[in-house]
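Residues 1 to 408 (UniProt numbering) are what the sequence shown spells out, left to right.
No wet-lab data here; the hints were simulated from the structure.
There's no promise every hint is true.
Said to hold, decoys possible - Capping the alpha-carbon separation at 27 Å, the derived lysine-lysine pairs in DSSO-like fashion look like this: (1) LYS158 <-> LYS147; (2) LYS286 <-> LYS271; (3) LYS158 <-> LYS146.
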Amino acid sequence: METATARHGSPEANESLIHRGTNQSGMRDHNERLVLSLVRQHGSLAKSDIARMTGLSAQTVSVIMRELEEEGLLLRQAPLRGKIGQPSIPMALNPEGAFFIGLKIGRRSAELVLIDFLGHVRAMLQHSYRYPAPRETVEFVTEGMKKMRGELTLAQDKRIAGLGIAMPFELWNWADTAGAPRDVMDEWRHRDIRADIQGQCDFPVYLQNDATSACGAELVFGQAGGARDFVYFYIGAFAGGGIVLNGRLFGGPTGNAGALGSMPVPGPDGKPTQLIDVASIAMLEKALNARGVEASHLWTSPEDWGEIGSELDDWIASASQALAYAIVAASSVIDFEAAVIDGWMPLAVRRRLVDAIIAAITTIDGEGLKLPSVREGTVGIHARALGGASLPLSERFLISSTTISRSA
(Lines of atoms letter the chains of each structure in order from A and count residues from 1; the text may use other names and numbers.)
(Lines give C-alpha, C1' and ligand atoms only; values in the text may rest on other atoms or scores of the structure.)
Protein backbone atom coordinates (compact mmCIF):
# COMPACT_ATOMS: atom_id res chain seq x y z
CA MET A 1 0.00 0.00 0.00
CA GLU A 2 2.52 2.54 -1.16
CA THR A 3 1.79 6.15 -1.90
CA ALA A 4 0.60 7.01 -5.36
CA THR A 5 3.76 8.93 -6.13
CA ALA A 6 5.39 5.53 -6.32
CA ARG A 7 2.42 4.12 -8.19
CA HIS A 8 1.68 6.84 -10.70
CA GLY A 9 4.81 8.97 -11.01
CA SER A 10 5.20 12.67 -10.34
CA PRO A 11 2.27 15.07 -9.79
CA GLU A 12 3.06 16.83 -13.05
CA ALA A 13 2.74 13.58 -15.02
CA ASN A 14 -0.75 13.03 -13.72
CA GLU A 15 -2.36 16.44 -14.00
CA SER A 16 -4.28 15.46 -17.13
CA LEU A 17 -5.77 12.47 -15.32
CA ILE A 18 -7.26 14.48 -12.44
CA HIS A 19 -10.70 16.07 -12.31
CA ARG A 20 -10.56 19.82 -12.43
CA GLY A 21 -11.80 21.77 -9.44
CA THR A 22 -14.37 24.57 -9.38
CA ASN A 23 -14.20 27.92 -7.63
CA GLN A 24 -17.98 28.31 -7.63
CA SER A 25 -19.75 28.60 -4.28
CA GLY A 26 -21.56 25.55 -2.97
CA MET A 27 -18.94 23.11 -4.28
CA ARG A 28 -16.76 22.87 -1.19
CA ASP A 29 -17.61 19.20 -0.61
CA HIS A 30 -16.55 18.29 -4.14
CA ASN A 31 -13.32 20.23 -3.77
CA GLU A 32 -12.55 18.74 -0.37
CA ARG A 33 -12.93 15.25 -1.83
CA LEU A 34 -10.73 16.28 -4.74
CA VAL A 35 -7.98 17.48 -2.40
CA LEU A 36 -8.16 14.34 -0.27
CA SER A 37 -8.07 12.14 -3.38
CA LEU A 38 -4.98 13.91 -4.69
CA VAL A 39 -3.17 13.71 -1.37
CA ARG A 40 -4.06 10.00 -1.14
CA GLN A 41 -2.68 9.37 -4.63
CA HIS A 42 0.57 11.26 -4.13
CA GLY A 43 1.31 10.67 -0.44
CA SER A 44 1.71 14.37 0.35
CA LEU A 45 1.27 17.61 -1.57
CA ALA A 46 1.86 21.31 -1.00
CA LYS A 47 -0.90 23.86 -1.57
CA SER A 48 0.84 25.14 -4.70
CA ASP A 49 0.87 21.61 -6.17
CA ILE A 50 -2.86 21.19 -5.61
CA ALA A 51 -3.68 24.64 -7.01
CA ARG A 52 -1.72 23.85 -10.18
CA MET A 53 -3.20 20.36 -10.60
CA THR A 54 -6.83 21.36 -10.03
CA GLY A 55 -7.06 24.88 -11.40
CA LEU A 56 -8.41 26.10 -8.05
CA SER A 57 -7.24 29.47 -6.79
CA ALA A 58 -4.48 29.53 -4.19
CA GLN A 59 -6.93 31.13 -1.74
CA THR A 60 -9.53 28.39 -2.26
CA VAL A 61 -6.95 25.66 -1.76
CA SER A 62 -5.62 27.37 1.35
CA VAL A 63 -9.10 27.53 2.89
CA ILE A 64 -9.85 23.89 2.04
CA MET A 65 -6.60 22.55 3.42
CA ARG A 66 -6.86 24.62 6.57
CA GLU A 67 -10.34 23.24 7.23
CA LEU A 68 -9.25 19.67 6.50
CA GLU A 69 -6.35 20.14 8.90
CA GLU A 70 -8.67 21.49 11.59
CA GLU A 71 -10.95 18.49 11.08
CA GLY A 72 -8.00 16.18 11.71
CA LEU A 73 -7.95 14.73 8.19
CA LEU A 74 -4.63 16.26 7.08
CA LEU A 75 -1.27 16.62 8.83
CA ARG A 76 1.52 19.10 8.14
CA GLN A 77 4.81 17.61 7.04
CA ALA A 78 8.33 19.00 7.35
CA PRO A 79 8.84 22.16 5.22
CA LEU A 80 10.60 21.69 1.89
CA ARG A 81 13.48 24.15 1.73
CA GLY A 82 16.04 24.96 -0.92
CA LYS A 83 13.89 26.95 -3.34
CA ILE A 84 13.46 30.69 -3.73
CA GLY A 85 10.86 32.20 -1.42
CA GLN A 86 9.04 30.69 1.53
CA PRO A 87 9.49 26.94 2.02
CA SER A 88 6.47 24.90 0.94
CA ILE A 89 4.72 22.74 3.53
CA PRO A 90 3.40 19.42 2.20
CA MET A 91 0.22 18.04 3.71
CA ALA A 92 -0.43 14.32 4.16
CA LEU A 93 -3.37 12.22 5.28
CA ASN A 94 -3.70 11.78 9.02
CA PRO A 95 -3.87 8.02 9.75
CA GLU A 96 -6.12 8.81 12.71
CA GLY A 97 -8.39 11.03 10.62
CA ALA A 98 -10.98 8.32 10.03
CA PHE A 99 -11.49 4.60 10.52
CA PHE A 100 -13.46 2.11 8.44
CA ILE A 101 -14.75 -1.41 8.98
CA GLY A 102 -14.94 -3.98 6.21
CA LEU A 103 -16.90 -7.24 6.27
CA LYS A 104 -16.36 -10.02 3.76
CA ILE A 105 -19.00 -12.73 3.62
CA GLY A 106 -17.65 -15.58 1.53
CA ARG A 107 -18.79 -19.11 0.74
CA ARG A 108 -16.24 -20.63 3.13
CA SER A 109 -15.25 -17.83 5.53
CA ALA A 110 -16.07 -14.37 6.83
CA GLU A 111 -13.60 -11.62 7.66
CA LEU A 112 -13.97 -8.42 9.64
CA VAL A 113 -11.28 -5.77 9.28
CA LEU A 114 -10.65 -2.32 10.77
CA ILE A 115 -8.47 0.08 8.79
CA ASP A 116 -7.28 3.63 9.33
CA PHE A 117 -7.40 6.57 6.91
CA LEU A 118 -4.27 5.35 5.11
CA GLY A 119 -5.73 1.87 4.63
CA HIS A 120 -3.46 0.25 7.20
CA VAL A 121 -5.05 -2.73 8.95
CA ARG A 122 -5.54 -2.04 12.66
CA ALA A 123 -7.42 -5.25 13.48
CA MET A 124 -8.70 -8.33 11.66
CA LEU A 125 -10.88 -11.29 12.65
CA GLN A 126 -11.72 -14.38 10.62
CA HIS A 127 -14.42 -17.04 10.91
CA SER A 128 -14.33 -20.20 8.78
CA TYR A 129 -17.36 -22.37 8.07
CA ARG A 130 -18.67 -24.99 5.66
CA TYR A 131 -21.31 -22.55 4.39
CA PRO A 132 -22.54 -19.08 5.41
CA ALA A 133 -25.63 -18.82 7.64
CA PRO A 134 -27.25 -15.40 8.20
CA ARG A 135 -27.72 -15.65 11.95
CA GLU A 136 -24.18 -16.87 12.61
CA THR A 137 -22.79 -14.16 10.34
CA VAL A 138 -24.60 -11.40 12.22
CA GLU A 139 -23.37 -12.85 15.53
CA PHE A 140 -19.79 -12.87 14.20
CA VAL A 141 -20.11 -9.21 13.21
CA THR A 142 -21.71 -8.24 16.53
CA GLU A 143 -19.00 -9.85 18.62
CA GLY A 144 -16.23 -8.79 16.26
CA MET A 145 -17.21 -5.12 16.27
CA LYS A 146 -17.53 -5.18 20.05
CA LYS A 147 -13.99 -6.52 20.34
CA MET A 148 -12.49 -4.15 17.76
CA ARG A 149 -14.21 -1.03 19.05
CA GLY A 150 -13.32 -1.96 22.61
CA GLU A 151 -9.63 -1.69 21.70
CA LEU A 152 -10.02 1.85 20.31
CA THR A 153 -9.87 5.04 22.32
CA LEU A 154 -13.10 7.03 22.60
CA ALA A 155 -11.70 9.60 20.15
CA GLN A 156 -10.82 6.88 17.62
CA ASP A 157 -14.20 5.19 17.97
CA LYS A 158 -15.98 8.45 17.19
CA ARG A 159 -14.02 8.62 13.92
CA ILE A 160 -15.37 5.36 12.51
CA ALA A 161 -16.90 6.66 9.28
CA GLY A 162 -18.72 3.56 8.06
CA LEU A 163 -18.83 -0.16 7.45
CA GLY A 164 -18.81 -1.83 4.05
CA ILE A 165 -20.12 -5.34 3.36
CA ALA A 166 -18.57 -7.32 0.52
CA MET A 167 -20.62 -10.40 -0.34
CA PRO A 168 -21.88 -12.35 -3.35
CA PHE A 169 -25.18 -11.04 -4.64
CA GLU A 170 -27.99 -13.62 -4.69
CA LEU A 171 -25.98 -15.94 -2.46
CA TRP A 172 -28.93 -18.32 -2.26
CA ASN A 173 -28.47 -19.30 -5.90
CA TRP A 174 -25.17 -21.01 -5.12
CA ALA A 175 -26.46 -23.57 -2.57
CA ASP A 176 -25.58 -26.66 -4.62
CA THR A 177 -22.17 -25.40 -5.71
CA ALA A 178 -21.34 -24.36 -2.15
CA GLY A 179 -22.50 -27.71 -0.82
CA ALA A 180 -24.87 -26.02 1.63
CA PRO A 181 -28.37 -26.95 2.80
CA ARG A 182 -30.82 -25.24 0.47
CA ASP A 183 -33.08 -24.09 3.32
CA VAL A 184 -30.21 -22.34 5.11
CA MET A 185 -29.00 -20.63 1.97
CA ASP A 186 -32.55 -19.64 1.10
CA GLU A 187 -32.64 -17.56 4.30
CA TRP A 188 -30.39 -15.07 2.52
CA ARG A 189 -33.17 -14.42 0.02
CA HIS A 190 -35.39 -12.98 2.73
CA ARG A 191 -32.69 -11.42 4.90
CA ASP A 192 -31.49 -7.84 4.56
CA ILE A 193 -28.02 -8.24 6.02
CA ARG A 194 -27.21 -4.57 5.52
CA ALA A 195 -30.24 -3.52 7.56
CA ASP A 196 -29.43 -6.11 10.26
CA ILE A 197 -25.94 -4.69 10.72
CA GLN A 198 -27.05 -1.07 10.30
CA GLY A 199 -29.28 -1.58 13.34
CA GLN A 200 -26.13 -2.08 15.42
CA CYS A 201 -24.20 0.91 14.09
CA ASP A 202 -24.35 4.67 14.52
CA PHE A 203 -22.47 5.09 11.21
CA PRO A 204 -23.61 4.24 7.66
CA VAL A 205 -23.40 0.70 6.29
CA TYR A 206 -22.79 -0.01 2.59
CA LEU A 207 -23.17 -3.15 0.49
CA GLN A 208 -21.32 -4.35 -2.61
CA ASN A 209 -20.60 -7.52 -4.54
CA ASP A 210 -17.54 -9.23 -3.05
CA ALA A 211 -15.44 -9.55 -6.21
CA THR A 212 -16.27 -5.98 -7.24
CA SER A 213 -15.26 -4.86 -3.75
CA ALA A 214 -11.92 -6.65 -4.17
CA CYS A 215 -11.49 -4.72 -7.41
CA GLY A 216 -12.19 -1.53 -5.45
CA ALA A 217 -9.46 -2.45 -2.97
CA GLU A 218 -6.98 -2.80 -5.83
CA LEU A 219 -8.08 0.60 -7.12
CA VAL A 220 -7.92 2.45 -3.78
CA PHE A 221 -5.11 0.65 -1.95
CA GLY A 222 -3.20 -1.25 -4.62
CA GLN A 223 -0.31 -0.36 -6.89
CA ALA A 224 -2.15 0.09 -10.15
CA GLY A 225 1.00 0.84 -12.11
CA GLY A 226 -0.64 3.83 -13.75
CA ALA A 227 -3.45 1.78 -15.34
CA ARG A 228 -6.74 3.71 -15.52
CA ASP A 229 -8.69 0.97 -17.30
CA PHE A 230 -8.33 -2.62 -16.18
CA VAL A 231 -10.31 -5.82 -15.84
CA TYR A 232 -9.91 -7.55 -12.50
CA PHE A 233 -10.35 -11.19 -11.51
CA TYR A 234 -10.53 -12.38 -7.91
CA ILE A 235 -10.25 -16.15 -7.57
CA GLY A 236 -11.86 -17.28 -4.34
CA ALA A 237 -14.18 -20.16 -3.56
CA PHE A 238 -15.86 -18.89 -6.72
CA ALA A 239 -14.25 -16.80 -9.45
CA GLY A 240 -15.51 -13.26 -9.96
CA GLY A 241 -14.24 -9.84 -10.86
CA GLY A 242 -14.74 -6.18 -11.54
CA ILE A 243 -14.05 -3.41 -14.03
CA VAL A 244 -12.23 -0.10 -13.63
CA LEU A 245 -12.80 2.55 -16.32
CA ASN A 246 -11.02 5.90 -16.31
CA GLY A 247 -9.90 5.34 -12.73
CA ARG A 248 -13.42 4.53 -11.49
CA LEU A 249 -14.95 1.31 -10.30
CA PHE A 250 -17.77 0.62 -12.76
CA GLY A 251 -20.75 -1.47 -11.77
CA GLY A 252 -23.49 -0.39 -14.14
CA PRO A 253 -27.09 0.48 -13.19
CA THR A 254 -27.66 -2.71 -11.16
CA GLY A 255 -24.15 -3.20 -9.79
CA ASN A 256 -23.73 -6.35 -11.87
CA ALA A 257 -21.23 -5.10 -14.46
CA GLY A 258 -18.02 -7.06 -14.13
CA ALA A 259 -19.85 -10.28 -13.18
CA LEU A 260 -16.98 -12.12 -14.80
CA GLY A 261 -17.69 -15.41 -13.08
CA SER A 262 -20.68 -15.79 -15.38
CA MET A 263 -18.64 -15.23 -18.55
CA PRO A 264 -18.91 -18.15 -21.02
CA VAL A 265 -15.63 -19.98 -21.63
CA PRO A 266 -14.74 -23.33 -23.22
CA GLY A 267 -15.27 -26.20 -20.81
CA PRO A 268 -13.18 -29.37 -20.44
CA ASP A 269 -15.28 -31.07 -23.13
CA GLY A 270 -15.06 -28.07 -25.44
CA LYS A 271 -18.64 -27.02 -24.76
CA PRO A 272 -19.35 -23.57 -23.32
CA THR A 273 -19.48 -23.29 -19.56
CA GLN A 274 -19.13 -20.42 -17.09
CA LEU A 275 -15.78 -19.21 -15.78
CA ILE A 276 -16.99 -19.90 -12.25
CA ASP A 277 -17.27 -23.61 -13.10
CA VAL A 278 -13.63 -23.87 -14.13
CA ALA A 279 -11.47 -21.24 -12.41
CA SER A 280 -12.97 -21.31 -8.89
CA ILE A 281 -10.96 -22.75 -6.01
CA ALA A 282 -14.05 -24.81 -5.20
CA MET A 283 -13.14 -26.86 -8.29
CA LEU A 284 -9.72 -27.60 -6.78
CA GLU A 285 -11.38 -28.59 -3.52
CA LYS A 286 -13.74 -30.89 -5.40
CA ALA A 287 -10.83 -32.62 -7.15
CA LEU A 288 -8.99 -33.13 -3.87
CA ASN A 289 -12.09 -34.50 -2.16
CA ALA A 290 -12.56 -36.94 -5.04
CA ARG A 291 -9.13 -38.37 -4.19
CA GLY A 292 -10.08 -38.59 -0.53
CA VAL A 293 -7.96 -35.59 0.49
CA GLU A 294 -9.39 -33.30 3.18
CA ALA A 295 -9.11 -29.78 1.72
CA SER A 296 -10.24 -27.41 4.47
CA HIS A 297 -6.74 -25.89 4.54
CA LEU A 298 -7.56 -24.20 1.22
CA TRP A 299 -9.82 -21.87 3.22
CA THR A 300 -8.06 -21.73 6.60
CA SER A 301 -4.44 -21.38 5.36
CA PRO A 302 -4.48 -19.22 2.23
CA GLU A 303 -0.86 -18.19 2.79
CA ASP A 304 0.40 -21.78 2.55
CA TRP A 305 -1.43 -24.71 0.96
CA GLY A 306 1.50 -27.06 1.43
CA GLU A 307 2.10 -29.85 -1.08
CA ILE A 308 -1.09 -30.55 -3.01
CA GLY A 309 0.13 -32.54 -5.97
CA SER A 310 -1.17 -33.08 -9.47
CA GLU A 311 -4.63 -31.70 -8.65
CA LEU A 312 -3.12 -28.23 -8.27
CA ASP A 313 -1.25 -28.60 -11.56
CA ASP A 314 -4.44 -29.67 -13.33
CA TRP A 315 -6.45 -26.84 -11.77
CA ILE A 316 -3.90 -24.19 -12.78
CA ALA A 317 -3.88 -25.57 -16.33
CA SER A 318 -7.67 -25.47 -16.74
CA ALA A 319 -8.19 -22.23 -14.78
CA SER A 320 -5.50 -20.37 -16.70
CA GLN A 321 -6.95 -21.43 -20.04
CA ALA A 322 -10.44 -20.28 -19.00
CA LEU A 323 -9.12 -16.98 -17.62
CA ALA A 324 -7.13 -16.38 -20.80
CA TYR A 325 -10.32 -16.76 -22.88
CA ALA A 326 -12.16 -14.44 -20.47
CA ILE A 327 -9.47 -11.78 -20.80
CA VAL A 328 -9.46 -11.95 -24.60
CA ALA A 329 -13.27 -11.83 -24.70
CA ALA A 330 -13.39 -8.84 -22.34
CA SER A 331 -10.77 -7.06 -24.45
CA SER A 332 -12.98 -7.32 -27.51
CA VAL A 333 -15.52 -5.09 -25.72
CA ILE A 334 -13.28 -2.64 -23.87
CA ASP A 335 -9.68 -1.67 -24.60
CA PHE A 336 -8.21 -2.54 -21.20
CA GLU A 337 -4.66 -1.59 -20.33
CA ALA A 338 -4.23 -4.45 -17.88
CA ALA A 339 -5.82 -7.64 -16.59
CA VAL A 340 -5.22 -8.06 -12.86
CA ILE A 341 -5.35 -11.47 -11.16
CA ASP A 342 -5.68 -11.84 -7.40
CA GLY A 343 -7.22 -14.38 -5.08
CA TRP A 344 -7.47 -16.42 -1.91
CA MET A 345 -4.26 -18.34 -2.54
CA PRO A 346 -0.56 -18.40 -1.68
CA LEU A 347 1.61 -15.92 -3.57
CA ALA A 348 3.54 -18.72 -5.27
CA VAL A 349 0.30 -20.23 -6.61
CA ARG A 350 -0.87 -16.83 -7.82
CA ARG A 351 2.43 -16.36 -9.64
CA ARG A 352 2.09 -19.77 -11.32
CA LEU A 353 -1.48 -18.98 -12.33
CA VAL A 354 -0.53 -15.63 -13.88
CA ASP A 355 2.40 -17.15 -15.75
CA ALA A 356 0.11 -19.87 -17.10
CA ILE A 357 -2.49 -17.27 -18.19
CA ILE A 358 0.16 -15.29 -20.07
CA ALA A 359 1.24 -18.47 -21.87
CA ALA A 360 -2.36 -19.51 -22.61
CA ILE A 361 -3.24 -16.17 -24.18
CA THR A 362 -0.60 -16.72 -26.85
CA THR A 363 -2.54 -19.77 -28.04
CA ILE A 364 -5.80 -17.80 -28.59
CA ASP A 365 -6.52 -15.92 -31.79
CA GLY A 366 -6.48 -12.26 -30.76
CA GLU A 367 -6.18 -10.76 -34.23
CA GLY A 368 -7.65 -7.27 -34.34
CA LEU A 369 -7.29 -6.80 -30.58
CA LYS A 370 -4.74 -5.00 -28.47
CA LEU A 371 -4.53 -7.39 -25.56
CA PRO A 372 -3.84 -6.05 -22.05
CA SER A 373 -0.81 -6.86 -19.97
CA VAL A 374 -1.56 -9.57 -17.42
CA ARG A 375 -0.22 -9.04 -13.92
CA GLU A 376 -0.72 -10.08 -10.33
CA GLY A 377 -2.86 -8.07 -7.96
CA THR A 378 -1.13 -6.16 -5.18
CA VAL A 379 -3.63 -6.38 -2.31
CA GLY A 380 -3.76 -10.13 -1.82
CA ILE A 381 -5.94 -12.57 0.06
CA HIS A 382 -7.76 -9.93 2.10
CA ALA A 383 -8.81 -7.86 -0.94
CA ARG A 384 -12.53 -8.50 -0.42
CA ALA A 385 -12.56 -7.42 3.22
CA LEU A 386 -10.39 -4.39 2.44
CA GLY A 387 -12.67 -3.68 -0.50
CA GLY A 388 -15.60 -3.63 1.89
CA ALA A 389 -13.78 -1.11 4.08
CA SER A 390 -13.01 0.97 0.99
CA LEU A 391 -16.75 1.49 0.33
CA PRO A 392 -17.34 4.07 3.10
CA LEU A 393 -13.90 5.56 2.47
CA SER A 394 -14.71 6.08 -1.20
CA GLU A 395 -18.28 7.19 -0.61
CA ARG A 396 -17.44 9.80 2.00
CA PHE A 397 -13.94 11.04 1.24
CA LEU A 398 -12.88 10.38 -2.37
CA ILE A 399 -13.86 11.78 -5.74
CA SER A 400 -15.20 9.59 -8.56
CA SER A 401 -13.83 6.38 -7.11
CA THR A 402 -16.97 4.29 -7.30
CA THR A 403 -20.45 4.42 -8.77
CA ILE A 404 -22.09 1.48 -7.12
CA SER A 405 -21.87 1.32 -3.33
CA ARG A 406 -25.24 1.11 -1.68
CA SER A 407 -26.46 2.62 1.58
CA ALA A 408 -29.76 3.48 3.14
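Hints versus structure:
Pair hint LYS158 plus LYS147 holds up; C-alpha atoms about 15 Å apart against a cutoff of 27 Å. A hinted pair counts as satisfied when its Cα atoms are at most 27 Å apart, and LYS286 with LYS271 qualifies at roughly 20 Å. At most 27 Å may separate the alpha-carbon atoms for a hinted pair to count; LYS158 and LYS146 meet this at roughly 14 Å.
In the structure shown, no violation is registered for any of the earlier numbered hints.
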